[in-house]
Amino acid sequence: MKKVVPEIDSGKCTGCGDCVAKCPTHAVALVDGKSVIVRPEDCDYCTECEVLCPSGAVRCPFEIVLVEAEPRATEKR
Amino acid sequence: MLATADFLKRLPYFATLSPQALEQLARETRELSLDKGEIIFLEEEPCDGLYLVASGQIRIFKSSPEGREQVLHIARPGDTFNDVPVFDGGLNPASAAALEPSVVYLIPKDILLSLVANCPVGVAIIKQLSAQMRRLTQMVEDLSFHSVVSRVARMLLDLATVEGSSAPVPRLTQDEMAGMVGSVRDVVGRALKSLERAGAIKMEGHRLLVVDAGRLKEMSYVSDKSRIR
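Protein chains in written order, with this note's numbering: chain A, 1 to 77; chain B, 1 to 229.
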């Protein structure tokens, strides 16, 4: 299964490099003036890049999944 | 009965009724005289019907398990209250008590529903609006009485999709979660960590896993006295 990484909107990315500087695992780099997750295997989805991006170009959505077969919750669906 | 019929005719709900229909409605309407502070009905009780304020003031409020109150509305002469459960069939969404000596009229639920029964589309629309109003009332309760941790827990219980089911999996950023529970991202981030420490959820990369729905439900009812907003 392909590893899911933060979504970067290249249209909004200004190439300021803040995420590159602050990424704790150095998974992101500037490519042609835009931030790109160049080492997805290193990304631990800490969401720091989303927090600090000044242009709102980064999104880190979470899939919300019930993994416990709990009768009350499964009945709802 | 004439006085009751005259009063009913002045209300927008019944302004178009014929004199005969108004008289009939007045005969079915009960008048209640209330002392200051007297409780008319309580939240979560079955609904008796629609109430109309003839005189005085009625406090409509929610209560927390610790006894704190959030007033939703002060109903004054000419106002109705308890409209929602009449039309959506649920329990009373809030409590009502007289703020001062008051007189209210009670139109029994079945009588009121009979007035709209011949317009199924109208009934369906009213039901939908009532359900929306009930959700908003619940939101007021959550924002007033529950900590961010419990609001996040409730949101996750509502949204979580059973793994492997065909239902679409909700995908939310922490900012979007904050918007749903009336808080901010940092606080939601801390709430998620609290829920994870409690063993209710597990954060695995981009997946937020509800691993103990029972525990999450317990935490959704915590009304933390040192609430973080």
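Heads up, some of the hints might be wrong.
Cross-link-like lysine-lysine pairs, in silico, PhoX-like; alpha carbons within 25 angstroms at most [unchecked claim]:
(1) A:Lys3 with B:Lys193
(2) A:Lys22 with A:Lys3
(3) B:Lys62 with B:Lys217
(4) A:Lys34 with A:Lys2
(5) A:Lys2 with B:Lys217
(6) A:Lys3 with B:Lys202
(7) A:Lys22 with B:Lys193
No lab work stands behind these hints, which were simulated from the structure alone.
Output the numbers, in ascending order, of every earlier hint that fails for this structure. When the structure is compared with the hints, only number 5 turns out to be violated.
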